[in-house]
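So the protein lines, in turn, are chains A and B. Quick note, this note's numbering runs 699 ahead of the 1-based positions in the first sequence. Quick note, this note's numbering runs 40 ahead of the 1-based positions in the second sequence.
Hints were generated in silico from the structure; no laboratory data involved. Be aware that a few hints might be false.
Unchecked claim - Computed spacing ranges between beta-carbons, pair by pair:
1) B:Pro268 - A:Thr720: 52 to 58 angstroms
2) B:Arg124 - A:Arg881: 28 to 34 angstroms
3) B:Asn290 - A:Gly954: 52 to 58 angstroms
4) A:Gln952 - B:Gly372: 41 to 47 angstroms
5) A:Asp813 - B:Arg124: 44 to 50 angstroms
6) B:Gly68 - A:Gln952: 53 to 59 angstroms
7) A:Thr811 - B:Gln310: 54 to 60 angstroms
8) A:Gln914 - B:Ala91: 46 to 52 angstroms
9) A:Gly882 - B:Asn290: 52 to 58 angstroms
10) A:Gly882 - B:Gly372: 25 to 31 angstroms
11) A:Gly882 - B:Glu308: 40 to 46 angstroms
12) B:Asn132 - A:Ser727: 45 to 51 angstroms
13) B:Ser62 - A:Asp794: 46 to 52 angstroms
Glycine residues also receive a C-beta, built at the ideal position from the N, C-alpha and C atoms.
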Amino acid sequence: MHKVVITGIGVTVKNHQDPHTLFATLESGQSLIADDHILKGMGIEGVASSRISDEEVIQLQSRYPSLDQTRVAPSGFAGFDALTKSVKDADLNPDQLRQAGLYFGTNKILPTVDLVHQLAQQKAASEKLPYQSPESVDYYNPQTVVADMVEHFEIGGPVTSCADACAAGASSLISGFRQVSRGALDIALCGAADFGTQPVMQLLFKNIGALNQAQLFNCASEVSRPFDSNRAGVVLADGAAFVVLESEASAKQRGASIYAYVCGAHRCTESYKMTSTEPSGKFYAECMQAALEKSCVSAEDIDHISAHGTSTKSNDSAESRAIEQVFGSHTPVTSTKSALGHSLAGSGAIEVVLSALSIKNQVMLPTLNFESLGDDDAKVSVVKSATPKAINYLLSNSFGFGGVNTSIVLARDSAC
Amino acid sequence: MLKPVYLFQGETLLAHSTSLESLLTHKGRLMSTPFESADLINHSIFISTLADENLKDVGAERMVRKTSERQARWLIASGVRTWRTYFNEPQNKSGLFIGLGTVDCDEEDNPELVQEPTAECLATAMLEERRPLVCLALLNSSATSHIAQLAGITGENMSFSPLLSAGLNALCEGYFAIAEGRLKHALCGGGSQKITPWSLLAYESIWANQDNYWLSEAASFFIASDEPRLNQHAAIGVMRQAYRARLQNNAHALTEQVNRITGSPLIENQHVVKVILVGANLEQQDITLHALGDELKSRAVVLDSYVGNTMAAATAIACNSALSYLHDAEQGFVIVIAFGDHAEFGMFLIEANND
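Just chain A, with the same shape it has in the complex (with noise of 0.2 angstroms):
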């Protein structure tokens, strides 16, 4: 098997479009989470998110003249960019990337509200479905901007783009590391993108009682706080990241700078329900005891666990028990959803570029607002503030609704 290892990222997210810039403001335990001015204007009130502004939104469509936006919705420009970005870092030129594979991950995108009210206008006045009504439903399939991406970088390896809900992102990039570890490819470009605050998207997580209730807190920035008593659900996010996969051999041969190696990783399905974990955690805990395996390194060596951690009572309940079942109570575990939020299929993949850069600079990432566990979760380290540590390996989780669940290992050298 080839060592993998990763030469390039790309992030979009709030504010931010580069990795190096967002890692630095969580690292000063800052929050991109404030209150939702779309849902407030819809009459709801004390939801918090984290929405890549309509201005931002602007300027990626203006970055990339060549997408159409009648065609490519705005999560499509977030994956674009932290394409290209992460493309850029890795500085593969064209005949590398006629050479590489494409991973993508993503969700749905869902009707917006104007379309929405153009519908039922529409249906009003000619009692028709409203099929006619969208000039472009291109717009409406998650996977226009793949064609683009391929087209726009000369892409000539294999191009797949899976839906596995919020394991979509890390999901895409076991894919990718398997392709690659295998010696089917060099370079595998692997990422995912998500508008979590589409606002037909958070009405239907409110809807099954999953949303964050912000009206328990202070503020916005405290609304996300995993592992903590009282959290109180999920803050939806916006986000976009592209990770560079590369054989360490090619990497080497043409003298790229590498951020982490990618040891091993496991997918799996759970079998027990579609909107949540069996409570014990065993489901999580066989997933990164598989991961370990596969990665050849034991519990003992594992440094930092980047968690999923939703803010969630049963997932962080669950994750924290399963922490506990594999590593014991000391390994420090973070998860920076406190301060992003959740980007569903984006969030893996901006996790995992995430931990390569807590490898990269030895530095552990805060879980904002965390202050004690609830009396239902497994004792486990959670890092309240971002710490220096020497990390040499990393696993990082990614759970998925319909039980589908990830577990990478990232390491500093190439040892594993």
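Given chain A's structure and the hints, the job is docking chain B onto it.
Below, chain B alone, put in the same frame as chain A:
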């Protein structure tokens, strides 16, 4: 070192309860009807539609029925039935790889719920009148989750969407999961997007430039395994090679790829029973058939001409067709050549193994 991967035939759902076997045997053609909504894009499109599945025969609980919609139910029914044909209890190291369409909102996002076209009215409708579980029905991974629960599959899974490439990628991922020893058994397959005016518009750019386009709703599954045989079924193929790439400079690259497999030492001096093409547009068909040469061309089957464009179900239907063709063959290969969106391309060599 890749392990051999054994394939076991599974269920294919086609319109009008038509069996795949009968289509292949009698060289028939699925019935299709004009799609009235196609005039939205000023084209003539024919469709073959599937009946709904109630999921009662696979023992799905009410919650599964409430959180699935039509195209997910085709997948759940055919996937679970395929799995249970071979396994009666949960298997270690089993996985699930599915290509599926994006679940659209046209059946549920009914704007008549919105009394007035205001944001507040929308919010009220969404929060008070909409069924809470609609959001789960819209998730692609819901179908995967339901199949996994009903079949007891706890290993690796992946779902891809939305069109031709989705089925191709699902099959490739399933193949490599077995060949690399990560799994012992994998349920592989795919389901088409349900055909609605909305989906027609959504994918207009793909098929609007083709006249008399024929879309078929379908779902199809098979099992990939590292075990040479399981109980009584004789239709066993060994997948000897899977290859996935993207074609550039279409004609030249495609010819090169076809030559690569037809010139493979694996099939030298072996009998090629059939060559199945699936998902190819007319230009790709012409190039491929030409590159195959006269002898192989005479054994080529353009699957879409029997069943229409079955989108993410297409590659699984092609593999099940290959297993049908190999059913009585003592030796020989079927070559499956599958095309995807974004000029993707996959080839699979399936060998008879009826010892």
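Verification of the hints:
no., hint, in the structure
1, B:Pro268 - A:Thr720: 52 to 58 angstroms, "56 angstroms, holds"
2, B:Arg124 - A:Arg881: 28 to 34 angstroms, "32 angstroms, holds"
3, B:Asn290 - A:Gly954: 52 to 58 angstroms, "35 angstroms, violated"
4, A:Gln952 - B:Gly372: 41 to 47 angstroms, "43 angstroms, holds"
5, A:Asp813 - B:Arg124: 44 to 50 angstroms, "46 angstroms, holds"
6, B:Gly68 - A:Gln952: 53 to 59 angstroms, "55 angstroms, holds"
7, A:Thr811 - B:Gln310: 54 to 60 angstroms, "56 angstroms, holds"
8, A:Gln914 - B:Ala91: 46 to 52 angstroms, "48 angstroms, holds"
9, A:Gly882 - B:Asn290: 52 to 58 angstroms, "27 angstroms, violated"
10, A:Gly882 - B:Gly372: 25 to 31 angstroms, "30 angstroms, holds"
11, A:Gly882 - B:Glu308: 40 to 46 angstroms, "25 angstroms, violated"
12, B:Asn132 - A:Ser727: 45 to 51 angstroms, "47 angstroms, holds"
13, B:Ser62 - A:Asp794: 46 to 52 angstroms, "50 angstroms, holds"
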